[in-house]
Amino acid sequence: SQTIHQWPATLVQPVGSPLSLECTVEGTSNPNLYWYRQAAGRGLQLLFYSVGIGQISSEVPQNLSASRPQDRQFILSSKKLLLSDSGFYLCACLEQGSYNEQFFGPGTRLTVL
Amino acid sequence: LAKTTQPISMDSYEGQEVNITCSHNNIATNDYITWYQQFPSQGPRFIIQGYKTKVTNEVASLFIPADRKSSTLSLPRVSLSDTAVYYCLVGRDTGRRALTFGSGTRLQVQP
Chain A
55 SQTIHQWPAT
65 LVQPVGSPLS
75 LECTVEGTSN
85 PNLYWYRQAA
95 GRGLQLLFYS
105 VGIGQISSEV
115 PQNLSASRPQ
125 DRQFILSSKK
135 LLLSDSGFYL
145 CACLEQGSYN
155 EQFFGPGTRL
165 TVL
Chain B
882 LAKTTQPISM
892 DSYEGQEVNI
902 TCSHNNIATN
912 DYITWYQQFP
922 SQGPRFIIQG
932 YKTKVTNEVA
942 SLFIPADRKS
952 STLSLPRVSL
962 SDTAVYYCLV
972 GRDTGRRALT
982 FGSGTRLQVQ
992 P
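Quick note, the sequences are listed as chains A and B, same order. The working numbering runs 54 ahead of the 1-based position in the first sequence. The working numbering runs 881 ahead of the 1-based position in the second sequence.
These aren't lab readings, by the way, just hints derived from the structure by calculation. Check each hint, because a few of them may be wrong.
Unchecked claim - Example chain A residues on the side facing chain B (calculated, C-beta under 8 Å, incomplete):
| no. | residue |
| --- | --- |
| 1 | TRP61 |
| 2 | LEU65 |
| 3 | ARG96 |
| 4 | LEU98 |
| 5 | PRO160 |
To be verified - Example chain B residues on the side facing chain A (calculated, C-beta under 8 Å, incomplete):
| no. | residue |
| --- | --- |
| 6 | ALA909 |
| 7 | PHE920 |
| 8 | SER922 |
| 9 | GLN923 |
| 10 | GLY924 |
| 11 | PRO925 |
| 12 | PHE927 |
| 13 | GLN930 |
| 14 | THR934 |
| 15 | THR937 |
| 16 | GLY985 |
What the hints assert, rightly or not - Dumping the calculated EDC-like pairs for lysine to aspartate or glutamate here, alpha-carbon to alpha-carbon at most 20 Å:
| no. | chain 1 | residue 1 | chain 2 | residue 2 |
| --- | --- | --- | --- | --- |
| 17 | B | LYS884 | B | GLU895 |
| 18 | B | LYS884 | A | ASP139 |
| 19 | B | LYS933 | A | GLU155 |
Glycine residues also receive a C-beta, built at the ideal position from the N, C-alpha and C atoms.
Let the hints inform the model, and build the full structure from the sequences given.
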């Protein structure tokens, strides 16, 4: 079964600073990969998804970007963080041929001050 | 993706059976119904998935009526550790679209 690693687990960054969150996946090949953000007490908001290396689709226009340099690596970035970027960031993967059963990583708690 | 409606919160006591109903009136023919569970500061975890009638696994049961416009997640004999948010999703991820998580149902189990 898949294992998803995310780091860092927690992060505190000042407004205007850059961001790089990394997600790596083990146990599967050519998965669909996703970045979600969850504000406190809220549901999950899909930010980006990728169906292959270099293929990124953005769901919400914002100051964040994503990249997939390798099959099982997904990176979330920002050049300048905003206060509103604070939240719980989750990486998820979906095996090819699987319907709806996404596996989620442990998440990164980002606080922008 | 079909829109879903589920209660914002529910309360229960240990040992009781809990049923969480989700409405999805616009479900499409090819859509599956999937439930996830999320504990605080963790990612959601897949619980159960079904297409029609009844599905049961070691964690829960999923009841889907013939018209498939709703579904009910049944948790037998809940414990304190079942306190979590439960999400109902309807769709079929082809890779070109991802799942849309609503606000879910916050289940609080009391001793």
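* Asked: Any CB of chain A closer than 8 Å to the CB of PRO925 of chain B?
  -> Hint on PRO925 of chain B: holds, closest Cβ of chain A at ~5 Å, below 8 Å.
* Is the interface hint for GLY985 of chain B satisfied, with its Cβ closer than 8 Å to some Cβ of chain A? -> holds (6 Å)
* **Hint status (Cβ of ARG96 of chain A to nearest Cβ of chain B, threshold 8 Å)** => holds (7 Å)
* Agreement of hint GLN930 of chain B with chain A interface, Cβ distance less than 8 Å -> With a closest approach of 6 Å, the GLN930 of chain B hint holds.
* **Interface restraint verdict for LEU65 of chain A against chain B (beta-carbon cut-off 8 Å)** => violated (14 Å)
* Closest C-beta approach of SER922 of chain B to chain A relative to 8 Å, hint status -> The hint holds - SER922 of chain B has a Cβ within 8 Å of chain A, the shortest such distance being about 7 Å.
* To do: Let me know if the C-beta of THR937 of chain B comes in closer than 8 Å to any C-beta of chain A, holds or violated.
  => For THR937 of chain B, the interface hint is violated, since the closest Cβ of chain A sits about 17 Å away, which is over 8 Å.
* To do: Let me know if the C-beta of PHE927 of chain B comes in closer than 8 Å to any C-beta of chain A, holds or violated.
  => holds (5 Å)
* Would the stated hint for PHE920 of chain B survive a check requiring a Cβ distance to chain A of less than 8 Å? -> violated (11 Å)
* chain B contact restraint for TRP61 of chain A - C-beta distance below 8 Å -> violated (14 Å)
* Is the hinted pair LYS933 of chain B and GLU155 of chain A satisfied, with a Cα-Cα distance of at most 20 Å? -> Distance ~17 Å between LYS933 of chain B and GLU155 of chain A Cα, so the pair holds.
* With 8 Å as the cut and Cβ atoms as the points, is LEU98 of chain A at the interface with chain B? -> holds (4 Å)
The earlier numbered hints that this structure contradicts are 1, 2, 6, 7, 14, 15, 17, 18.
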